[in-house]
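Participant: The lines below spell out each chain.
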Amino acid sequence: MSGNEASYFSVMVLSELEDVAGREEVRTGHSDRLAHAVDYYWVPRCWVDRGRQPILPDYVVYPGSTEQVSKILRIANQHRIPVTVWGGGAGSQGGALPVRGGIVLDMKKMNRIIEINDQAYTVTAETGIIHQHLEWELNKRKLSTMHLPASIGCSTLGGFLAHRGTGVLSIKYGKIEDLIVNMQVVLPDGEIIDTLRVPRNASGPDLNQLFVGSEGTFGVMTRATVKIFEEPECRKYRAFIFKDMHDALDAGRLIMTRRLAPCVIRMYDEAETKHQIQRVLGIEKEGAYLVFGFDGYEEIVDIQMRIATEICMRTAVEDLGSEMGESWWTNKYKFFFPPYIMDIPEAFGTMDTVATYDKIETVYHRMKESAESFPGTKFIAHFSHWYDWGCMMYDRFIVHPDHVPQDPEEAIRLYNRIWYKCIRAALESGGLLNEHHGVGLKLGYLMREQFGPAFKVLQGIKATLDPNNIMNPGKMGL
Amino acid sequence: MHITTEQLIIDGCRFCYMCRHVCTIARCTGEEEMSPQSKALMLSMILRGSLQYSTDVAEAMSKCSLCGWCRMWCEGKRDFMKAALVAKRDLAELNRVPTSVAALRDRLMSTGSYHRTAGSRRGSAAHTRPGSGGILLILGDGARNGEPAIGQAAGSLVKKAGGTPFLLDAEDCGGLALYLLGYADEGRKRIQAFFEAVEGSGCREAVVVSPDLYFLLAQDIFPDIQFKSSSITVRHIASYLLQKAKEGALHMDGSAPHKRRTVIHDNDFLARLLPVPLLDEPRELLGRAGVNLAHMFWEREKCLSAGSWLFAETYPQMAFLVARKRIEDLQESTPDLVVTMSGDDKLILMRAIQERASAGAPEGSGRGAFEVSDLMEILDEVCR
Numbered sequence: 001m002s003g004n005e006a007s008y009f010s011v012m013v014l015s016e017l018e019d020v021a022g023r024e025e026v027r028t029g030h031s032d033r034l035a036h037a038v039d040y041y042w043v044p045r046c047w048v049d050r051g052r053q054p055i056l057p058d059y060v061v062y063p064g065s066t067e068q069v070s071k072i073l074r075i076a077n078q079h080r081i082p083v084t085v086w087g088g089g090a091g092s093q094g095g096a097l098p099v100r101g102g103i104v105l106d107m108k109k110m111n112r113i114i115e116i117n118d119q120a121y122t123v124t125a126e127t128g129i130i131h132q133h134l135e136w137e138l139n140k141r142k143l144s145t146m147h148l149p150a151s152i153g154c155s156t157l158g159g160f161l162a163h164r165g166t167g168v169l170s171i172k173y174g175k176i177e178d179l180i181v182n183m184q185v186v187l188p189d190g191e192i193i194d195t196l197r198v199p200r201n202a203s204g205p206d207l208n209q210l211f212v213g214s215e216g217t218f219g220v221m222t223r224a225t226v227k228i229f230e231e232p233e234c235r236k237y238r239a240f241i242f243k244d245m246h247d248a249l250d251a252g253r254l255i256m257t258r259r260l261a262p263c264v265i266r267m268y269d270e271a272e273t274k275h276q277i278q279r280v281l282g283i284e285k286e287g288a289y290l291v292f293g294f295d296g297y298e299e300i301v302d303i304q305m306r307i308a309t310e311i312c313m314r315t316a317v318e319d320l321g322s323e324m325g326e327s328w329w330t331n332k333y334k335f336f337f338p339p340y341i342m343d344i345p346e347a348f349g350t351m352d353t354v355a356t357y358d359k360i361e362t363v364y365h366r367m368k369e370s371a372e373s374f375p376g377t378k379f380i381a382h383f384s385h386w387y388d389w390g391c392m393m394y395d396r397f398i399v400h401p402d403h404v405p406q407d408p409e410e411a412i413r414l415y416n417r418i419w420y421k422c423i424r425a426a427l428e429s430g431g432l433l434n435e436h437h438g439v440g441l442k443l444g445y446l447m448r449e450q451f452g453p454a455f456k457v458l459q460g461i462k463a464t465l466d467p468n469n470i471m472n473p474g475k476m477g478l
Numbered sequence: 001m002h003i004t005t006e007q008l009i010i011d012g013c014r015f016c017y018m019c020r021h022v023c024t025i026a027r028c029t030g031e032e033e034m035s036p037q038s039k040a041l042m043l044s045m046i047l048r049g050s051l052q053y054s055t056d057v058a059e060a061m062s063k064c065s066l067c068g069w070c071r072m073w074c075e076g077k078r079d080f081m082k083a084a085l086v087a088k089r090d091l092a093e094l095n096r097v098p099t100s101v102a103a104l105r106d107r108l109m110s111t112g113s114y115h116r117t118a119g120s121r122r123g124s125a126a127h128t129r130p131g132s133g134g135i136l137l138i139l140g141d142g143a144r145n146g147e148p149a150i151g152q153a154a155g156s157l158v159k160k161a162g163g164t165p166f167l168l169d170a171e172d173c174g175g176l177a178l179y180l181l182g183y184a185d186e187g188r189k190r191i192q193a194f195f196e197a198v199e200g201s202g203c204r205e206a207v208v209v210s211p212d213l214y215f216l217l218a219q220d221i222f223p224d225i226q227f228k229s230s231s232i233t234v235r236h237i238a239s240y241l242l243q244k245a246k247e248g249a250l251h252m253d254g255s256a257p258h259k260r261r262t263v264i265h266d267n268d269f270l271a272r273l274l275p276v277p278l279l280d281e282p283r284e285l286l287g288r289a290g291v292n293l294a295h296m297f298w299e300r301e302k303c304l305s306a307g308s309w310l311f312a313e314t315y316p317q318m319a320f321l322v323a324r325k326r327i328e329d330l331q332e333s334t335p336d337l338v339v340t341m342s343g344d345d346k347l348i349l350m351r352a353i354q355e356r357a358s359a360g361a362p363e364g365s366g367r368g369a370f371e372v373s374d375l376m377e378i379l380d381e382v383c384r
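Chains as they are written, first to last, in the working numbering: chain A, 1 to 478; chain B, 1 to 384.
Watch out, some of these pointers could steer you wrong.
What the hints assert, rightly or not - Rough simulated footprint, nothing fancy, chain B against chain A, three-plus residues with beta-carbon under 8 angstroms:
1. 85 to 97
2. 121 to 135
To be verified - Below are the BS3-like pairs computed for lysine-lysine, each with C-alpha atoms no more than 27 angstroms apart in a straight line:
3. A:K109 - B:K63
4. B:K259 - A:K334
5. A:K274 - B:K77
6. A:K109 - B:K160
7. A:K109 - A:K172
8. A:K172 - A:K359
9. A:K140 - B:K302
10. B:K325 - A:K142
11. A:K378 - A:K462
12. B:K302 - A:K334
13. A:K332 - B:K77
14. B:K259 - A:K140
15. A:K334 - B:K77
16. A:K109 - A:K243
17. A:K142 - B:K302
To be verified - Pair by pair, the computed Cβ-Cβ distance ranges are:
18. A:P401 - B:R204: 53 to 63 angstroms
19. A:P345 - B:Q192: 55 to 65 angstroms
20. A:Q406 - B:T4: 19 to 29 angstroms
21. A:K140 - B:Q226: 33 to 43 angstroms
22. B:A357 - A:K142: 31 to 41 angstroms
23. A:Q459 - B:S100: 46 to 56 angstroms
24. B:P275 - A:D388: 46 to 56 angstroms
25. B:A357 - A:D194: 53 to 63 angstroms
26. A:H403 - B:T4: 46 to 56 angstroms
27. A:P339 - B:S100: 30 to 40 angstroms
28. B:D224 - A:D244: 45 to 55 angstroms
29. B:D224 - A:N331: 41 to 51 angstroms
To be clear, the hints were calculated from the coordinates, so they are not data collected in a lab. Virtual Cβ for every residue (Gly too), placed ideally from N, Cα, C.
Build out the structure end to end from the sequences listed, making use of the hints.
Facilitator: What follows is the structure in structure tokens.
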């Protein structure tokens with residue numbers, strides 16, 4: 001497939017897909033296919049920006065049920081047609097791009113909420129639901145998944161599960177892999193399976209965690225049950241300016257390792273404090289901006305806030321107070337709207353790595369040095385998701401337009417060279433490929449270098465589940 | 001190509017996904033092609049010569065209910081609705097509009113109305129000539145031709161408030177619709193004629209019932225069709241009546257309140273497209289009238305469009321999807337009565353209720369059943 005040419009064979013396949021999903025739900029029009037050919041990944045964006053044609057799928061199918069997904073995968077296997085699962089199409093790693101043509105399964109019409117369980121505090125929904133729509137339904141009942149990423153309005157529950165997404169409150173409430181309770185999956189051969197009812201057990205390896213992060217290469221997650229929480233009595237914030245990133249990082253580490261349980265800590269390096277905090281929040285300060293927040297019962301929150309403030313005040317040069325912290329929360333998504341977010345004609349990449357506290361600063365400096373070794377390239381970072389053993393660094397390189405070749409092929413070569421150099425620097429100094437954006441097409445090439453001999457385990461699972469390699473081929477290095 | 005003027009918006013939106021969840025059509029259809037981002041991507045490719053205006057593109061651009069959520073939501077103040085409108089202008093000039101759009105254009109050109117067929121002239125509220133203190137009452141298509149009882153109630157209310165309502169003989173409502181369909185020149189001509197009729201009415205005050213005509217007279221989005229007048233002030237009828245009630249000129253019988261649980265179905269133009277949203281006035285009026293007004297999650301600026309009449313005429317199935325979703329939203333707050341702010345919204349909701357009922361949904365009786373009435377009708381009942 002992928003020649004995009006009509007043929008009697010493509011019409012045969014079309015008839016079979018229509019037989020399963022209905023004629024209205026199988027699209028071959030150019031606009032429908034084009035809408036599924038570019039995601040948030042810089043490479044296809046640059047490609048179409050320079051007037052080139054993106055790689056189109058042959059068919060876009062909107063399944064309406066798990067059974068339909070199952071039948072579609074059987075058809076795909078029969079004809080050896082690639083299948084790429086599409087949620088919001090907002091991934092930054094090219095994970096949902098149909099690079100080998102075939103079928104795009106757009107899950108957004110499988111968006112029903114099946115059950116809100118206010119005893120177990122779980123919600124069960126089809127995975128095509130836009131996450132903000134799920135949140136709104138929960139919010140009416142004063143509930144929330146507390147999974148609040150910037151992409152909440154454009155990404156689906158399935159999309160978050162597929163690439164191990166995270167949200168702004170992850171420190172307290174967890175990443176999506178911590179929120180998953182159970183799921184239904186259609187395996188590549190069309191068989192429908194359910195994972196165990198609860199996520200804590202001693203019944204062998206956790207199948208939830210096998211499919212979470214598998215980016216549509218092991219099957220299609222069609223339904224998921226995730227944890228939900230009551231909206232807290234209060235949520236409070238406080239912001240500080242530190243002399244530099246080193247001091248701020250240490251304050252964040254102490255808050256975490258002393259188990260104060262904040263719901264959020266976000267710390268911006270000197271460059272990003274100057275670049276983004278000033279632009280979005282209007283705070284004009286030198287140094288490193290740090291904001292933390294606690295939520296829950298007010299009495300407890302007040303104690304947590306006091307102790308965290310004391311920790312910060314040991315090295316902070318300025319206490320910006322709660323108002324500047326609130327301002328960050330209010331504007332937390334604003335950073336991602338144009339013109340605040342980076343955009344073409346710049347070349348840019350969010351590298352998003354994670355390491356233990358003893359290594360994270362070295363990772364930062366090695367990646368910065370690597371990125372800035374390229375002409376016209378600057379490096380900025382903030383630290384978004386914190387654990388009791390280390391933290392995640394949301395680091396980006398930005399190449400000035402004057403240094404990005406006009407020829408898109410040359411631009412992609414430069415782009416990948418920067419990625420390879422930075423990621424290798426991270427791997428060598430104790431970091432990982434990625435913390436929550438996933439691998440996709442972008443980082444698949446480096447998966448073997450990260451995993452070493454352990455990569456065979458993933459390859460073996462893939463070969464067993466999907467011997468015809470129809471599921472999202474070319475992604476995750478599989 | 002007109003879209004060259006909107007390149008900043010188009011290029012800003014083509015890879016931005018931040019408003020997908022609020023786009024009425026993307027939300028109700030679940031289709032990727034309907035998202036503002038996908039549409040912007042198409043336009044950006046047209047700008048770069050790698051895509052042509054085609055039937056596909058024309059369909060995508062026309063399937064917008066003009067709800068205004070995307071522009072309201074955007075932190076970067078990128079107004080994609082405006083860019084899509086300019087694309088429609090290109091398509092109209094290239095004669096590549098969808099057939100349903102072309103058919104509506106022909107009807108609007110011949111009748112100036114969604115609701116009137118060629119040659120017909122439906123009635124409206126009482127006519128009087130302008131005199132000292134005369135109020136120009138602008139009803140709009142829905143209240144004048146679609147649901148004339150609303151126009152009559154509005155006229156009655158102005159009289160109860162001590163005003164003397166005057167109606168234009170020819171209230172052409174097609175100008176804005178033509179403009180929004182992409183027929184900019186034809187739309188502008190009619191809009192200009194309408195503006196001249198308003199100014200030439202001899203009245204010093206205009207009170208507008210129709211949300212779309214109020215938008216037309218108050219909007220600041222499209223500079224080429226802005227209404228500027230030093231001789232006549234324009235107010236929405238809810239603002240006018242509220243002021244009269246506060247002054248004691250309009251008496252409401254709050255002692256005989258509507259016991260029915262009531263929610264307001266806000267209108268897109270009033271909630272999201274005006275420079276200053278008009279949301280509080282109708283609520284305050286209903287409160288003064290003793291109406292048992294309930295609040296709901298999906299109200300005010302979060303109100304889901306019922307699809308607008310323009311959209312219902314061009315894509316009835318899709319408009320029905322939107323209206324059906326709106327009915328589900330409304331049912332969540334278990335109202336007995338839903339109050340609309342426009343005749344068109346009332347007609348669309350009622351049509352969707354009928355279609356749902358004929359498909360077996362529990363309308364008319366039992367759980368989820370509610371009546372639909374317009375603000376003018378409710379107020380006219382309780383005002384003396």
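Participant: Look at each hint and say if it fits the structure.
Facilitator: Verification of the hints:
1. 85 to 97: holds (count 4)
2. 121 to 135: With 4 residues close enough to chain B, the hint holds.
3. A:K109 - B:K63: With a Cα-Cα distance of about 18 angstroms, the restraint between K109 (chain A) and K63 (chain B) holds, given a limit of 27 angstroms.
4. B:K259 - A:K334: This hinted pair is violated, its Cα atoms lying about 43 angstroms apart.
5. A:K274 - B:K77: Satisfied, since the Cα-Cα distance of roughly 23 angstroms is no more than 27 angstroms.
6. A:K109 - B:K160: 51 angstroms, violated
7. A:K109 - A:K172: 31 angstroms, violated
8. A:K172 - A:K359: Status holds; Cα separation ~23 angstroms.
9. A:K140 - B:K302: Judged against 27 angstroms, a Cα distance of about 13 angstroms means the pair holds.
10. B:K325 - A:K142: 22 angstroms, holds
11. A:K378 - A:K462: 38 angstroms, violated
12. B:K302 - A:K334: OK: K302 (chain B) and K334 (chain A) at ~19 angstroms, within 27 angstroms.
13. A:K332 - B:K77: 16 angstroms, holds
14. B:K259 - A:K140: OK: K259 (chain B) and K140 (chain A) at ~25 angstroms, within 27 angstroms.
15. A:K334 - B:K77: Holds, at roughly 11 angstroms.
16. A:K109 - A:K243: 50 angstroms, violated
17. A:K142 - B:K302: Distance ~17 angstroms between K142 (chain A) and K302 (chain B) Cα, so the pair holds.
18. A:P401 - B:R204: 53 to 63 angstroms: 55 angstroms, holds
19. A:P345 - B:Q192: 55 to 65 angstroms: The hint (55 to 65 angstroms, Cβ to Cβ) is violated, given that P345 (chain A) and Q192 (chain B) are roughly 41 angstroms apart.
20. A:Q406 - B:T4: 19 to 29 angstroms: Once the Cβ atoms are compared, 20 angstroms apart, the range 19 to 29 angstroms for T4 (chain B) and Q406 (chain A) holds.
21. A:K140 - B:Q226: 33 to 43 angstroms: 39 angstroms, holds
22. B:A357 - A:K142: 31 to 41 angstroms: Holds, since A357 (chain B) and K142 (chain A) (Cβ atoms, about 33 angstroms apart) stay within the stated range.
23. A:Q459 - B:S100: 46 to 56 angstroms: Holds: the Cβ-Cβ distance is about 52 angstroms, inside 46 to 56 angstroms.
24. B:P275 - A:D388: 46 to 56 angstroms: The hint (46 to 56 angstroms, Cβ to Cβ) holds, given that P275 (chain B) and D388 (chain A) are roughly 50 angstroms apart.
25. B:A357 - A:D194: 53 to 63 angstroms: Violated: the Cβ-Cβ distance is about 38 angstroms, outside 53 to 63 angstroms.
26. A:H403 - B:T4: 46 to 56 angstroms: 27 angstroms, violated
27. A:P339 - B:S100: 30 to 40 angstroms: The hint (30 to 40 angstroms, Cβ to Cβ) holds, given that P339 (chain A) and S100 (chain B) are roughly 36 angstroms apart.
28. B:D224 - A:D244: 45 to 55 angstroms: 53 angstroms, holds
29. B:D224 - A:N331: 41 to 51 angstroms: 34 angstroms, violated
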